[in-house]
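**Student:** Given next are the chains, with one letter for each unit.
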Amino acid sequence: MRDKTVIPIGPFHPLQEEPEFFELIVEGEKVVDVDVHIGYNHRGIEKIAESKTFDQMVFLVERICGICSTSHPIANCNAVEDIAGIEIPERAKYIRSIVGELERLHSHLLWLGLAGHFIGYNTLWMWAWKYREPILDLFEAITGNRNHYAMMKPGGVRRDIKEEDIASLLKGLNEAEKKIGMLTRAALDDPVLAARLKGIGILSKEDAIAYGAVGPTARASGVSIDVRRDDPYAAYGLVEWQVITQETGDVLAKTVVRLLECFESIKIIRQCLKKLHAVKGEIATKVREIPPGEGIGHHEAPRGETFHYVRSDGSNTPVRLKVRAPTYVNLPTCKVTVPGENVADATLILASIDPCYCCTERVTTINKKTGRRELRGEDLLRLCRKKTEKIKKKLGKLNG
Amino acid sequence: MANDVIKKLKGKIEKKILHWEEKSPKRYYITIPKEDLLEVVEFIFVQQKARFIIESGIDTPRGIEILYHFSFDRLNKMVTLKVLVSKEKCEIESISKLIPGANWIEREIAELLGVTFLNHPDPRRLLLSEDWPRKEYPLRQKVKENK
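Chains as they are written, first to last, in numbering that gives the first Met the number 0: chain F, 0 to 399; chain E, 0 to 146.
Any given hint could turn out to be false.
To be clear about the criterion: a stretch of chain F counts as covered by chain E if any three or more of its residues have a C-beta under 8 angstroms from a C-beta of chain E, and this derived list gives those stretches [said to hold, decoys possible]:
{"#": "1", "segment": "33-42"}
{"#": "2", "segment": "145-151"}
{"#": "3", "segment": "306-320"}
I should point out that these hints are in silico values taken from the structure, not numbers from a laboratory. The beta-carbon is built from N, C-alpha and C at its ideal position, and this holds for glycine as well.
Bound conformation, chain E alone (with noise of 0.2 angstroms):
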């Protein structure tokens, strides 16, 4: 029963899937192209019901990673897929429209890691003020923390 989702999961997105990691049998990482997020988060969400945690990102060397934490909390299985935009085209689909929850972190995650949301319904800043400069973007690595 608890696997018949993660086999069902894996099964509808097989052809996508650039990186599959089962790191425990509690905790999955998938790395998808960042065209089918959309597609993927639908059928995660929507069909399967799996609970949203949360949405978050990484700088990486390579790119920015953004992560999408999803459980399947009776099942005791979480879901983490993982998207990587580059710096130069950082701009990735919103997922809030299906996802209302969603719209608090990605509205974080645009200035503090500098993403762009494409048609998220309300792109104002979260946390930072107004008079923050536009491209500074605090959680990147090359910000060094003051001490």
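This is chain F alone, in the form it adopts within the complex (with noise of 0.2 angstroms):
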């Protein structure tokens, strides 16, 4: 038998810049097996969410993630709003789609980049991301914010799209259109991209069943799931659109299933936005108070179904909270999607369920007696240290 080797990534991802630590086992060029070691960055958000008054929960939740920051606080409203049984007005249900589906836009395109970035290819990375530039020029113009837009309340939203400012927006929407149809056409066309995502790290329908699988991940593989078609919340139900799948399940599959979403966003979005000329009023129910009960709340975020867990005692905080982002379930899926792979295609595989850690992970240790950070520079450094032996030890042991 050949030896085994074992080619750490992390702790500090050196391409993602996130924490979090894979261990490929290889056998020559091909790996073998592959773990997952999360938890560099757990921040006990569900935790102190406990200690959040409903409406100010909905701005924690906003802080899991800065790439999908208006996901987590769309499903936790559902999930309010499924417990007291809120009707939020019209108007507000346009407005939640409009924000939704324009992060689902600059979140696919960052992702293009990303992958581009990964398998060495910098310019389809330099496009897609000064495509993406517009995308947060029009949130700025609605929310005021490139990120962290803060539009979601229980009950409705925030801010309210000005009539004049609709010409504005469809005019960035069309150029935006405009510029991804070009990206769009390049990648698929692209024989360099064929070579490289085709038929590499593919995952099979039932796989993704039996891990649980969401959003583009589950949509590549045949599955045809989407929370904004199947449970309709916000303007979904209203609107004209399509879900998209493939069937092949690999990483180009998942390229294509990212590309085509974006013009199925861009579509509903158009229509939200004509859809405000003539649906006026209040943007915003009254919510009073959460009676006792539980609720759930999802979206689909950019990497699938956002899940949100509230249990309420009556109290104007909630007794739990439980946090499931699309990541938890899609990143496990590399335990059948890597082994049997190159190395070289291992992190491009890692990367095409467009992981999101700092949504999986949500704890930072406290020392209960200072009050303070446990963890400082050398305290990181020692560990660091410790994990490099132990992982020589292992080294050793399975050459040995």
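Put the complex together from the two separate chains, hints included.
**Tutor:** Right, here's the structure in full:
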């Protein structure tokens, strides 16, 4: 039998720039097993939520992630509204969908750029990120922020979209559509991309179901699930659009799903903006108190279903908040997609689910006596050395 | 059509139900005894092909409540199974062998709430570091968040 070697990627990922640690166990060039270690950045958001009011909780969950920073608030508001049985005004529904879909656009472009960067195709990276910028400008025009939009609250939204802004927003959207169209055609025609992405990291339909995969990861494997269609909330039941699926389950299929979804998002935003001309009125229902009970809210984030469970005891703070980010169920699929592939492809396959680690982990260790953060620079260095020693020992064991 | 699955489920587990709550036509909360967990999960996930969303736990005065969220996506129905385990004998059968997707979350609940999952294929820690005290469970109510 040939020797096995462990290739460590992390604990700080050199490309994804987030704290996670992959142990690739390889035989020659081939990966035979993979193990994922997370928890380097667990922030205890579920615990912190228990001491926040329902209004404050929305701001807290917005900070779970910087990229899908409106997905958690939408899911959270859906959950709180589910407890109290609140119906939000129609105008608020359109605004929620507009912000949610703009987020999908910028997130998918961000991923496409990163995927290009991962395979050393930096032209794609720079194009994708260049065309992502105008989307962020649209965000600024609508919400006042390029990120962390603070638009959602239980009962509706916080800011209205002005009548006179709609024309310029539509214009910006048309521009974005042209550019994304060009980028899509170029990317899908590119022989280099096809050579690197086709047929690698295949996730079968059965495995996608067994692992409970969601979002583009599941849809690329032929599992047609999309919360926006299956459990319509916000304005998704009021506009025309389609769920994109592919059958092959490889990295190329995931790319195709994400790129084509961009156009569906644009379709949704355009319809919603036009409806805002006709649908006037309040943008939020007054929420007085949240009755005791439990509620489930979910939102189709760019990476898949974001799930929030909230339990209330009738006071102004929740008893429990459970957050399940899409990466939490998508990442474990690497157990079946990575083994059998080359080391060079492994990084891309691991990135193909569009992982988001800050969503997946939510604790920072605090020293109870002093109230200080327990990990300082020197501690991190010490831990880092300890880990390297451990890996070295393991390597010795495997090779010996 | 949409109600068929719920009727079937009710028929199948009729005798096992401790509490049945239909919060809305889209949300069902069903409390069952912990001995019947595997059988009911097998029926919902394997036979009825529901999607496993996630599992979670809550520290309540009566014990630790474990929730299993399932979704019948195309029918727009969510079924939550609830099982109560006592704090004295805080253990329950793992469902990870039936559903590989439950592997991580059971490791997380084990370290954050102190529930032992019997026959779990990989009972290592997931999020907490190796030097976190063994018997301290951060999501228990008596642990207060340090402001």
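**Student:** Which numbered hints does this structure break?
**Tutor:** Number 2 - this is the single hint that the structure violates.
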